[in-house]
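Chain A is fixed; fit chain B onto it per the hints.
There are 2 protein chains.
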Amino acid sequence: MADTTESNVDVLIIGAGPAGLMAATWLSHLTSLPGTALKVRIIDKRSTKIFSGQADGLQCRSLEIFDSLGFADRVWKEAYHMIEICMWNPGSDGVIRRSDRIPDTIVGLSRFQQIVLHQGRIERFFLDNIKKYSSGQISVERGVLPEELAIQDEGEFPVRVKLRYLTEEEAATPQVRAGSKDAATDGLFRSNLLGEDDEDSLISQSKARQGKSEVVNAKYVIGCDGARSWTRRALGPEFELRGEATDFIWGVMDIIPITNFPDIRMRCAIHSAENGSLMVIPRENKLVRLYIQLKEVTPDASGRADRSKITPELIFEAAKRILRPYEIDYEYCDWWTAYQIGQRIAPSFSAKNRIFLAGDAVHTHSPKAGQGMNVSIQDSFNLGWKVGLVAKGICKPSILSTYQSERRRVAQDLIEFDQKFAKLFSGRPAKDVMDAEGVSMEEFKDAFLKGNLFASGLSVDYGPSNLVVKAGDPAELGDRSETSRLLEGIHPIGEEEFAAKQALASGLQVGMRFNSFKVLNQACARPWHFQERLRADGRFRVVLFAGNMLSATQKERVDNFCENLGATESFLRRATPPGQKIDSVVEVLTIHSSPRTETELLRDFPEILHPFDKKTGWDYDKVFVDDVSYHEGYGDAYRNHGVDKERGCVVAVRPDQYVGWIGELEDFEALGRYFEGILVF
Amino acid sequence: MADTTESNVDVLIIGAGPAGLMAATWLSHLTSLPGTALKVRIIDKRSTKIFSGQADGLQCRSLEIFDSLGFADRVWKEAYHMIEICMWNPGSDGVIRRSDRIPDTIVGLSRFQQIVLHQGRIERFFLDNIKKYSSGQISVERGVLPEELAIQDEGEFPVRVKLRYLTEEEAATPQVRAGSKDAATDGLFRSNLLGEDDEDSLISQSKARQGKSEVVNAKYVIGCDGARSWTRRALGPEFELRGEATDFIWGVMDIIPITNFPDIRMRCAIHSAENGSLMVIPRENKLVRLYIQLKEVTPDASGRADRSKITPELIFEAAKRILRPYEIDYEYCDWWTAYQIGQRIAPSFSAKNRIFLAGDAVHTHSPKAGQGMNVSIQDSFNLGWKVGLVAKGICKPSILSTYQSERRRVAQDLIEFDQKFAKLFSGRPAKDVMDAEGVSMEEFKDAFLKGNLFASGLSVDYGPSNLVVKAGDPAELGDRSETSRLLEGIHPIGEEEFAAKQALASGLQVGMRFNSFKVLNQACARPWHFQERLRADGRFRVVLFAGNMLSATQKERVDNFCENLGATESFLRRATPPGQKIDSVVEVLTIHSSPRTETELLRDFPEILHPFDKKTGWDYDKVFVDDVSYHEGYGDAYRNHGVDKERGCVVAVRPDQYVGWIGELEDFEALGRYFEGILVF
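Respectively, the protein sequence lines represent chains A and B.
UniProt numbering puts the first residue of the first sequence at 1, with every later residue one more than the last.
UniProt numbering puts the first residue of the second sequence at 1, with every later residue one more than the last.
These are computed hints drawn from the structure, not numbers from a lab.
Be careful, since some hints might not be right.
Remember, identical chains collapse to one label, so a pair may be satisfied in a single copy or spanning two.
Said to hold, decoys possible - Within a straight-line C-alpha distance of at most 27 Å, the following computed DSS-like cross-link-like pairs (lysine-lysine) qualify:
no.: 1; residue 1: 581; residue 2: 77
no.: 2; residue 1: 420; residue 2: 295
no.: 3; residue 1: 77; residue 2: 615
no.: 4; residue 1: 615; residue 2: 286
no.: 5; residue 1: 423; residue 2: 450
no.: 6; residue 1: 77; residue 2: 132
no.: 7; residue 1: 555; residue 2: 207
no.: 8; residue 1: 77; residue 2: 131
no.: 9; residue 1: 162; residue 2: 352
no.: 10; residue 1: 320; residue 2: 431
no.: 11; residue 1: 614; residue 2: 286
no.: 12; residue 1: 162; residue 2: 615
no.: 13; residue 1: 320; residue 2: 445
no.: 14; residue 1: 581; residue 2: 555
no.: 15; residue 1: 132; residue 2: 286
no.: 16; residue 1: 396; residue 2: 581
no.: 17; residue 1: 131; residue 2: 207
Okay, chain A solo, but in the shape it has when bound (with noise of 0.2 Å):
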């Protein structure tokens, strides 16, 4: 046992997929913060990070996530841009032909759109950004197993993992174990019609060489193992993922088609009369994916498929059948393989508050609307600034009980929508309205437009919390549990007020992502999408629609708010810590709907808005205007927002881009209770 260390971390990740790479670049970027470094640490049993295929759609709040921390930029230039989807169904003489186009994301809703791009070159931009971030401080420690995991019920760091590390053969992946180069050979290996995992036997060959092992003490655990997560089982039975999986088998094949098929580069969706569908996602590099329906292969009495009887050529013959009378053929697949749809969740995504699963450890689906990459970094960049600012000290403990409200809410809508989806897709076209066991194209395109604005992201919509003041309930607006049960806003108003307060800014949803126009720099004249500036940097943000600064009313209103921000007893001055500067932890943003160019920064402006420093001057970047740009048109924030161009009024913003709060600029002391319910003051 003189091989065993112990040592205590903040935050343990566990597993460097989307999912644990996302949380531990959020905890990157809180670097930034004032407060004691956080010790950070994430491992992976396995030596290599990229895969062939894997999930590689991207959302357009994914992107919006990118963005704000920093590359997004890096995504939208390498990856396939989807434009329109195709649907291609049978006509009356059962040929197929197509029937309809639309878009493949709703016009207006983001300034991204749906792209396609391979998971490993993901995961090299958030290992990228951590280094960058992290300075060099986190880094994926690989070969690392987790072997014992307790919680203990009082302490500073009251989880304890015991960590093995494993050779290089024995952290090398099964595809790269077998010595493959062609991973189209070996394409079930991570397959959902594959048994249990391998932690067990390799810890146990570990063990019989005396292998390494450490004790790691953390404040929080994150286990982001995926869907046979090795942390979920060592929570317990009670933490097992529940749901059907259905008869439903589809294979994936990613190749280069050569074919006459006339829209191959759109993504379709394709139902044949008899031979089932077909979804086609066109990729980078000349790459098309294409799910295909198996209809040959059936679950057996155990409800699991024969995996030995699924190969690519038996997943092409199906996909030559469906696309008839078009032709298809490849010379070159880049891999392939097969699942059973099914949909489970995870009953709690926490214990006790300090270990937490996210993606797919806690929900698992079908891969073809693309959510399973998406949802899972959605997971932990909704966890990883509140287990970082907790841990740090900034915001009080009881924020973390929003997580499970919050997200596990959203995995119960995916599932729900992947049934309903999955049934659609997977049955027979109806031939007419007779045919009640088909199913009616009207309705499945109907599903698949209602579900592009899900499938964006853009929909979540969080319940009421501390985090998020808005009217409801918020058990039947989080996951209906007991955890999201216990959560309440800190507002004890009526519901009248709350629908008031939403109506200063009906196009800013309390609970909903703040959306993103272009305003105007007041003092360089350059145009932002407003998002660009909220940043992933832990900070919450008031933004302030200033309104009419022209006008002596509105000025007078500004003033006094202004006034109170900048008084010692405001929710500012005591969220900022001693000897920092006063926008660290809650920064204030102006929007104003004056015309730029009547008005001026240090003239118009109270310094509280535009904060001096001593070395480097007047701030110039915190204030904004609604007006015209020279090139790149007008973002017309203040009526797609819904604010009165007047009065404007008072959002406060989380640090993830959701709004938490919203008022009138005389309710400072409302927005004061907003701060004093989630920040230690």
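For chain B alone, coordinates are given in the frame of chain A:
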């Protein structure tokens, strides 16, 4: 002499500033072309690359070039964006006030606007790009100095250059040698107020210690070694810069200002009543560059100002006086220098089309218009592909003479512009219309507005040659030298016929860069700025404006054109080396004007427009449509290019995006002659 080795290279570049790096970047990008790989070396006598300060305004055209190389996004993201220019002049009371606001970049000129970023970052992007595209084959050899230069009349490698290797200490810049961390303490070390450079003493030192030397025999040498170019001097007195210095002395400071001047984050041109002029150029990282007229310092009898008088204090005091009644101060100065305005140009830009000079080596002027780095980069963007394609045996050596005719003309225009601008900016503002000695502020504004077009780099219009088939006198439209007099278009047709061809695309001027509008990829509906498809890969392009593909008449015209293209004897086939893809030297791109959803790539467009490959199938990236996009508006390319939507036209584009030829779809033979005049078949 045992220490002297000898070797051959295709191209030797002397100097690794922006001009030299651009040349090396071009040669890296030619790696993907057929033919033998080029051996390219680039040397620089200095051991370090980054200085504080240095030219750093980037024009629209430079950004378009960076985009064609693949790194405009990195520049755009990091840079300060210049949006508006504010003009400040004395009012009738003699106190300065803002008299005008104008957009810094003319609206609609380009998809980019003028920005500011430190030269060191631009050089970093060039270096990364060279590494990527040359697969690490080309890298800057630092601490290497040319010692002797001679051109032989014959042989494959007619230029003999002797190189000398410096020690690390010798190669250190004066700035670094001074041991100063605060660059502001030695701001004049590269000023034009200093005398000669130190090559001779460095070479003697190296000789004295019997340092290493080497002989390189080159096909071509490109001298990019700055205003005091060793290469230029080695070519003899007939290459000496000619021109005059003025009496205007200006200081430059990069500071983080602490000021109540309202427009400190705008570009400002400030004329004070009596204290001289000042230009404000905001920069990244809160920095502001001030160009400050020094009325106290005047040149002595020799025409050169005494540098010992010039200190940052003296410069800043002048700035304070000009800015009165506003106050300005600073805690942090990043860099300072001073210069004497003067405009000089070399009589010739090349020796025997074997040695070329580019950038500051052949033209110097004042830095305020932000032209220096841009024109230097554009010089070697014009030169690099010509030298590379001739060295590879793809182009005829006769194209090399166009470098001087095209770029020396730009330098002449630049100097004329700078003389006019410097005089207007350094002059005292007129008190009233009777004040004939003063500068009219109306005239200044007018010059500024006109200057903005020139300064964008987008008004460049190359004269006739084998590369540019247009009407006019090659000398008059070139640099008026003997070199350009000898250039002649290879199409002896009349003025009227030229005019008729130009009228086929009235918005695409022959001799100017291919202006860009958004079009959609026919196969996947993705919007692209068409210029994004004109990558700097060394290929010529034929852009087929196919017109209305739904009209049977027009379809027939397109089919005929394509039949000609595909014929064995066509220039396209003859330009393609045996065994290479049909698009390897000349790429055909199509933009049609029929509705996207009523046309299909495979059904409606001849195969040669989307060539088939046995391994990767059809090419889906060559046919575009002028139609409305879902998310990015309507480019309206036909209307903007002035092309008939029914009949279209054909445009030949050079590897540097300049339009070389315009004709009807029936002018296939003339198009063939254009390429015969350029390419080695």
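Now the hints, each set against the structure:
1. 581 - 77: Answer is between: at 26 Å across copies they meet the 27 Å cutoff, but 36 Å inside does not.
2. 420 - 295: Result: close within a single copy only, 19 Å intra versus 78 Å inter.
3. 77 - 615: between (38 Å within a copy, 25 Å between copies)
4. 615 - 286: between (53 Å within a copy, 11 Å between copies)
5. 423 - 450: within (15 Å within a copy, 65 Å between copies)
6. 77 - 132: both (20 Å within a copy, 16 Å between copies)
7. 555 - 207: neither (72 Å within a copy, 74 Å between copies)
8. 77 - 131: Both. Shortest intra-copy (21 Å) and inter-copy (19 Å) distances satisfy the 27 Å Cα cut-off.
9. 162 - 352: For residue 162 and residue 352, only the intra-copy Cα distance (19 Å) is at most 27 Å; the inter-copy one is 74 Å.
10. 320 - 431: Answer is within; shortest intra-copy Cα gap is 22 Å, inter-copy 84 Å.
11. 614 - 286: For residue 614 and residue 286, the Cα distance is within 27 Å only across copies (13 Å; inside one copy 55 Å).
12. 162 - 615: Answer is neither: 48 Å inside a copy and 50 Å across each miss the 27 Å cutoff.
13. 320 - 445: within (23 Å within a copy, 68 Å between copies)
14. 581 - 555: within (26 Å within a copy, 68 Å between copies)
15. 132 - 286: between (32 Å within a copy, 21 Å between copies)
16. 396 - 581: within (21 Å within a copy, 64 Å between copies)
17. 131 - 207: For residue 131 and residue 207, the Cα distance exceeds 27 Å both inside one copy (33 Å) and across copies (46 Å).
The structure shown violates the earlier hints numbered 7, 12 and 17.
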